[in-house]
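Peer 1: Each chain, written out:
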Amino acid sequence: SQKIEQNSEALNIQEGKTATLTCNYTNYSPAYLQWYRQDPGRGPVFLLLIRENEKEKRKERLKVTFDTTLKQSLFHITASQPADSATYLCALDTGRRALTFGSGTRLQVQP
Amino acid sequence: EAGVAQSPRYKIIEKRQSVAFWCNPISGHATLYWYQQILGQGPKLLIQFQNNGVVDDSQLPKDRFSAERLKGVDSTLKIQPAKLEDSAVYLCASSLAGEFEQFFGPGTRLTVL
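So the protein lines, in turn, are chains A and B. Sequential numbering of the first sequence, starting at 1, is according to the working numbering. Sequential numbering of the second sequence, starting at 1, is according to the working numbering.
A portion of the hints provided could be inaccurate.
Taking CB as the label site, the calculated pair distances span [unchecked claim]: (1) A:L62 x B:A97: 23 to 29 Å; (2) B:G40 x A:R61: 24 to 30 Å; (3) B:P61 x A:Q14: 41 to 47 Å; (4) B:G72 x A:E52: 28 to 34 Å; (5) A:T18 x B:E14: 44 to 50 Å; (6) A:S1 x B:G72: 33 to 39 Å; (7) B:A97 x A:E9: 35 to 41 Å; (8) A:K59 x B:G40: 23 to 29 Å; (9) B:S18 x A:N53: 33 to 39 Å; (10) A:R61 x B:L113: 39 to 45 Å; (11) A:N53 x B:G72: 29 to 35 Å; (12) A:K57 x B:A97: 21 to 27 Å; (13) B:K83 x A:G16: 46 to 52 Å.
It is worth saying that the hints were derived from the structure and are not from the lab. We put the CB at the ideal spot given by N, CA and C, even for glycine.
Could you put the whole structure together from the sequences, leaning on the hints where they help?
Peer 2: Right, here's the structure in full:
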């Protein structure tokens, strides 16, 4: 069956360090993958999209990689700040722009 | 630019009662999605509309859930009758036709007692 796995345990890091979050998937062949941020009590907010033919995408302090052989995406936040504390969701396309989301990883950046 | 609006923000009902949620997408967004997010999980797609037509409702429990998008703008999602396991946040999202980025509303938190 199709599965998307993100670390269920919270990731705690010190301010200024690089946070790395992992998204693994099985039995999918997505044309693209997206990362969203979700704060408590709010809807997800789009961060980045990476296509299957792209290895890496950057936006300010954010970097996403996409390895279709390993079926894995890594999401990096460099120079992390307490304001980056949130849950980060990866989402894979399942055709016609529909998305299947992972369960998310909660990031806590300590000052 | 106004975001996706949803109401109510919170709803508490008894099991077997009915409930309806409303969504107003961003102006000009042809595609509208309803998701269910159970605590600790990611959003799960229930139904996707393109204008007022259904694109995908394969994960919508059609024996109790229904949704409509009259005139291709606002949408309502209804649960009738509700079960305990329907307790979740119901998120509405919209996107421009053919675009990948989805814009989410704040959600409606439903508690079924």
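Peer 1: Taking the hints in turn, state whether each one holds.
Peer 2: Cross-check of the supplied hints:
1. A:L62 x B:A97: 23 to 29 Å: holds (27 Å)
2. B:G40 x A:R61: 24 to 30 Å: holds (27 Å)
3. B:P61 x A:Q14: 41 to 47 Å: holds (44 Å)
4. B:G72 x A:E52: 28 to 34 Å: At roughly 31 Å between Cβ atoms, A:E52 and B:G72 fall inside 28 to 34 Å, so the hint holds.
5. A:T18 x B:E14: 44 to 50 Å: For B:E14 against A:T18, whose Cβ atoms are near 48 Å apart, the range 44 to 50 Å holds.
6. A:S1 x B:G72: 33 to 39 Å: holds (34 Å)
7. B:A97 x A:E9: 35 to 41 Å: For B:A97 and A:E9 the Cβ distance comes to about 39 Å; the hint holds.
8. A:K59 x B:G40: 23 to 29 Å: holds (28 Å)
9. B:S18 x A:N53: 33 to 39 Å: Once the Cβ atoms are compared, 47 Å apart, the range 33 to 39 Å for A:N53 and B:S18 is violated.
10. A:R61 x B:L113: 39 to 45 Å: holds (43 Å)
11. A:N53 x B:G72: 29 to 35 Å: Distance hint for A:N53, B:G72 holds at roughly 33 Å.
12. A:K57 x B:A97: 21 to 27 Å: At 23 Å between Cβs, range holds.
13. B:K83 x A:G16: 46 to 52 Å: holds (47 Å)
Checked against the numbered hints given earlier, this structure breaks only hint 9.
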